[in-house]
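Protein chains in written order, with our numbering: chain X, 1 to 147; chain R, 148 to 294; chain C, 295 to 441; chain S, 442 to 588.
Quick caveat, the hints were computed from the structure, so don't treat them as lab data. Nothing here was measured: the structure is a model prediction, and the numbers come from that model. Glycine included, each C-beta is placed from N, C-alpha and C at the ideal position. Watch out, some of these pointers could steer you wrong.
[Said to hold, decoys possible] The calculated DSBU-like cross-link candidates involving lysine-lysine, where the alpha carbons are at most 30 Å apart (straight line), are: (1) K258/R / K88/X; (2) K552/S / K382/C; (3) K111/X / K273/R; (4) K578/S / K552/S; (5) K552/S / K379/C; (6) K552/S / K420/C; (7) K258/R / K197/R; (8) K111/X / K258/R; (9) K258/R / K126/X; (10) K85/X / K258/R; (11) K111/X / K153/R; (12) K567/S / K405/C; (13) K405/C / K552/S; (14) K300/C / K153/R; (15) K245/R / K300/C; (16) K344/C / K245/R; (17) K447/S / K405/C; (18) K405/C / K529/S; (19) K126/X / K245/R; (20) K245/R / K111/X; (21) K552/S / K300/C; (22) K420/C / K50/X; (23) K344/C / K126/X; (24) K197/R / K567/S; (25) K273/R / K491/S; (26) K405/C / K526/S; (27) K529/S / K578/S; (28) K232/R / K111/X.
[What the hints assert, rightly or not] Covered by chain S, per the in silico footprint, the following chain C stretches (three or more residues, Cβ under 8 Å): (29) 319 to 329; (30) 346 to 356.
[As the list claims (entries may be wrong)] A few chain S residues that don't get close to chain C, going by computed Cβ distances all over 12 Å: (31) A478; (32) F480; (33) R546.
Protein chains: 4
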Amino acid sequence: MAYESKAVRRVEFSETDMAGIVHYSNFFRYMESAEQAFFRSLGFSVVTDKTDPPIGWPRVRAECDYLQPLHFEDEVEIHLLVSEKRAKSLSYLFRFRKLNSSPPREIARGKLTIVCVTHDADGNMKAAPIPKALADKIQVAPAELLI
Amino acid sequence: MAYESKAVRRVEFSETDMAGIVHYSNFFRYMESAEQAFFRSLGFSVVTDKTDPPIGWPRVRAECDYLQPLHFEDEVEIHLLVSEKRAKSLSYLFRFRKLNSSPPREIARGKLTIVCVTHDADGNMKAAPIPKALADKIQVAPAELLI
Amino acid sequence: MAYESKAVRRVEFSETDMAGIVHYSNFFRYMESAEQAFFRSLGFSVVTDKTDPPIGWPRVRAECDYLQPLHFEDEVEIHLLVSEKRAKSLSYLFRFRKLNSSPPREIARGKLTIVCVTHDADGNMKAAPIPKALADKIQVAPAELLI
Amino acid sequence: MAYESKAVRRVEFSETDMAGIVHYSNFFRYMESAEQAFFRSLGFSVVTDKTDPPIGWPRVRAECDYLQPLHFEDEVEIHLLVSEKRAKSLSYLFRFRKLNSSPPREIARGKLTIVCVTHDADGNMKAAPIPKALADKIQVAPAELLI
Chain X
1 MAYESKAVRR VEFSETDMAG IVHYSNFFRY MESAEQAFFR SLGFSVVTDK
51 TDPPIGWPRV RAECDYLQPL HFEDEVEIHL LVSEKRAKSL SYLFRFRKLN
101 SSPPREIARG KLTIVCVTHD ADGNMKAAPI PKALADKIQV APAELLI
Chain R
148 MAYESKAVRR VEFSETDMAG IVHYSNFFRY MESAEQAFFR SLGFSVVTDK
198 TDPPIGWPRV RAECDYLQPL HFEDEVEIHL LVSEKRAKSL SYLFRFRKLN
248 SSPPREIARG KLTIVCVTHD ADGNMKAAPI PKALADKIQV APAELLI
Chain C
295 MAYESKAVRR VEFSETDMAG IVHYSNFFRY MESAEQAFFR SLGFSVVTDK
345 TDPPIGWPRV RAECDYLQPL HFEDEVEIHL LVSEKRAKSL SYLFRFRKLN
395 SSPPREIARG KLTIVCVTHD ADGNMKAAPI PKALADKIQV APAELLI
Chain S
442 MAYESKAVRR VEFSETDMAG IVHYSNFFRY MESAEQAFFR SLGFSVVTDK
492 TDPPIGWPRV RAECDYLQPL HFEDEVEIHL LVSEKRAKSL SYLFRFRKLN
542 SSPPREIARG KLTIVCVTHD ADGNMKAAPI PKALADKIQV APAELLI
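Looking at chain X on its own, in the form it has when it is part of the complex (with noise of 0.2 Å):
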């Protein structure tokens, strides 16, 4: 059972504009491939074909909380902690962390929260229980992590 995650990834030119910092919505990406690498070491993908029928994840509520600016090069790390555990649905805290201050230092904190869903003939997104294999490898952080 995994409740964690930890990306690390250094700001790139084309993620800056012209304040000089990492513009505000590309936190979001950033909490997106922290998601990603979490699906992954659990042995899944956030994008597969191997369930019967096909789910996907759609967002359906997404907030950041910015108290530091980051800056091209630095290197930030992504902790994603599961925050909430539902039949249909997870949500996820992300604390930003700028690994070239010393000390390290908080600069940002999202929360996403994304439902799985089937889609009908029509093509309609429905909610789905979250298939059991994947379910039963997740749990929520412990909540000491979440404060």
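Chain X is fixed; fit chains R, C and S onto it per the hints.
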């Protein structure tokens, strides 16, 4: 005094992802483009060197609830409403409506809080009062529009 | 028969980078949005399920020469010209003009070659003739416009 | 003296489009990230305030040929090779190889030309010689690697 602004855009191919819908991070770019139109409608720009000292508008909090997906070439209206006005910060509510459905329907709702800052000699940002010429043109939207 | 299309857009904050100018990769997104407007002007879409079999338009070659930078809130016109038309492919020339300079000036020039494809049973793409209904509406621009 | 650099990345969900493949504009972001790694390998950065006067590296020409598509979670190697070195400019060749195919295969090839610039008092860019400390570390790749 103004409290709202509307922008319309058509979904571009590059804004979609392999799920066939607009990538969730792009809603935050959409919010920002509506904010830029709001500032222009007041005779200002979110980027200006006309104030002394120069100011900037970092985002300190962003969130979005996703109700329905957007697809390629959908027409989406982004309705900005000023939800809070403080000495040094502004908050917006954004309603996303898909215009090419009958009737047009709200498909997402976002919030954004921005802070007015100046930069000290070391380049560090420091919260500062919103310039009077701009603040005098902005008011909070009527409560019934913010429900 | 059509051989050109013009689209105008205003540079958004999220399209800039820390050099204070539009990131060079975004010119390729701009080209594509002009192409989408071109198809719509012909009563088609670059994404369609109306053909049997369904077709797609992968890009096989792209290039851009950058003469002058674009800045935030600049108004840029993207002028698409059909430069080559073959049985299974199309090539475009794009002229980027900054409208808010006096006089408006060409600030970049791009080229794009796309191929019409269908997908076999395994999902692999295979070049296919451009559907006649569409091909009949497109012609190559006069040579003097392509210099 | 160095003439090459290799970077590996895994395709992220946000880099795909509704055709289910990496959006063609992202290959230009990939090229740039390989270039940033190349500069770092030389003990420099593409963004620096250590030179007097400060320099920048605008792109003046970019191109890419697409042979095969990239999909979500593909591993791609971007191999940068210096193809031309002049007093005030550099050109690169980029080979994109998909590592998770057997055998790994070249799926795209790009080229980029950048110019070293300084800024005059009005902020206008002007071509300038590449600083000697950097130029001394860069050489053109052997001809047989540039075919």
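So, going through the hints one by one against the coordinates:
As the CA atoms of K258/R and K88/X are separated by approximately 26 Å, the hinted pair is consistent with the 30 Å bound. Distance hint between K552/S and K382/C is fulfilled; the C-alpha atoms sit about 26 Å from each other, no more than 30 Å. Distance restraint check for K111/X and K273/R: the Cα-Cα separation of roughly 26 Å lies within the 30 Å cut-off, and the hinted pair is therefore satisfied. As the CA atoms of K578/S and K552/S are separated by approximately 21 Å, the hinted pair is consistent with the 30 Å bound.
Taking the CA atoms of K552/S and K379/C, the gap is about 25 Å. The hint holds against a cut of 30 Å. Distance check on the hinted pair: K552/S and K420/C sit about 26 Å apart at the alpha-carbon level, within 30 Å; holds. For the proposed pair K258/R and K197/R, the alpha carbon gap of about 28 Å is at most 30 Å, so the pair holds. Note on K111/X and K258/R: the hinted pairing holds, with a Cα-Cα distance of about 14 Å set against a maximum of 30 Å.
Between K258/R and K126/X the alpha-carbon distance is near 26 Å, which keeps this suggested pair within the 30 Å criterion. Between K85/X and K258/R the CA atoms are separated by roughly 25 Å; this keeps the pair inside 30 Å, and the hint holds. The hinted pair formed by K111/X and K153/R meets the criterion: a straight-line CA distance of about 28 Å does not exceed 30 Å. Annotation: proposed proximity of K567/S to K405/C holds, straight-line Cα distance about 26 Å (limit 30 Å).
A hinted pair counts as satisfied when its Cα atoms are at most 30 Å apart, and K405/C with K552/S qualifies at roughly 14 Å. The suggested pairing of K300/C with K153/R holds, with an alpha-carbon distance near 24 Å, which does not exceed 30 Å. This hinted pair checks out: K245/R and K300/C have alpha carbons roughly 25 Å apart, not beyond 30 Å. Under the criterion of a C-alpha separation no larger than 30 Å, the hint pairing K344/C with K245/R is consistent with the structure, at around 23 Å.
Among the hinted pairs, K447/S with K405/C is consistent with the structure: their alpha-carbon atoms are about 28 Å apart, no more than 30 Å. As the CA atoms of K405/C and K529/S are separated by approximately 25 Å, the hinted pair is consistent with the 30 Å bound. Restraint check: the Cα-Cα separation between K126/X and K245/R comes to about 20 Å, which is no more than 30 Å; the hinted pair holds. Between the alpha carbons of K245/R and K111/X the distance comes to roughly 25 Å, so the proposed pair stays at or under 30 Å and holds.
Taken as a hint, the K552/S and K300/C pair is honoured in the structure, with Cα atoms around 28 Å apart against an allowance of 30 Å. For a cut-off of 30 Å, the pair hint linking K420/C to K50/X stands: about 26 Å separates their Cα positions. For the hint linking K344/C to K126/X, the alpha-carbon distance of about 26 Å falls within 30 Å, and the restraint holds. At most 30 Å may separate the alpha-carbon atoms for a hinted pair to count; K197/R and K567/S meet this at roughly 26 Å.
Taking the CA atoms of K273/R and K491/S, the gap is about 26 Å. The hint holds against a cut of 30 Å. As the CA atoms of K405/C and K526/S are separated by approximately 25 Å, the hinted pair is consistent with the 30 Å bound. A hinted pair counts as satisfied when its Cα atoms are at most 30 Å apart, and K529/S with K578/S qualifies at roughly 15 Å. Restraint check for K232/R and K111/X: satisfied, since their Cα atoms lie roughly 25 Å apart, inside the 30 Å limit.
Here the stretch 319 to 329 of chain C counts 5 residues with a CB under 8 Å from a CB of chain S, which clears the bar of 3, and the coverage holds. Counting residues of the stretch 346 to 356 of chain C whose C-beta sits closer than 8 Å to any C-beta of chain S gives 6, which meets the bar of three, so the coverage hint holds. Non-interface status of A478/S relative to chain C is upheld: no Cβ of that chain comes within 12 Å, the nearest being about 17 Å off. At roughly 15 Å from the closest C-beta of chain C, the C-beta of F480/S stays outside 12 Å, upholding its exclusion from the interface.
Distance check on R546/S: its Cβ is at least 14 Å (rounded) from any Cβ of chain C, clearing the 12 Å threshold; non-interface status holds.
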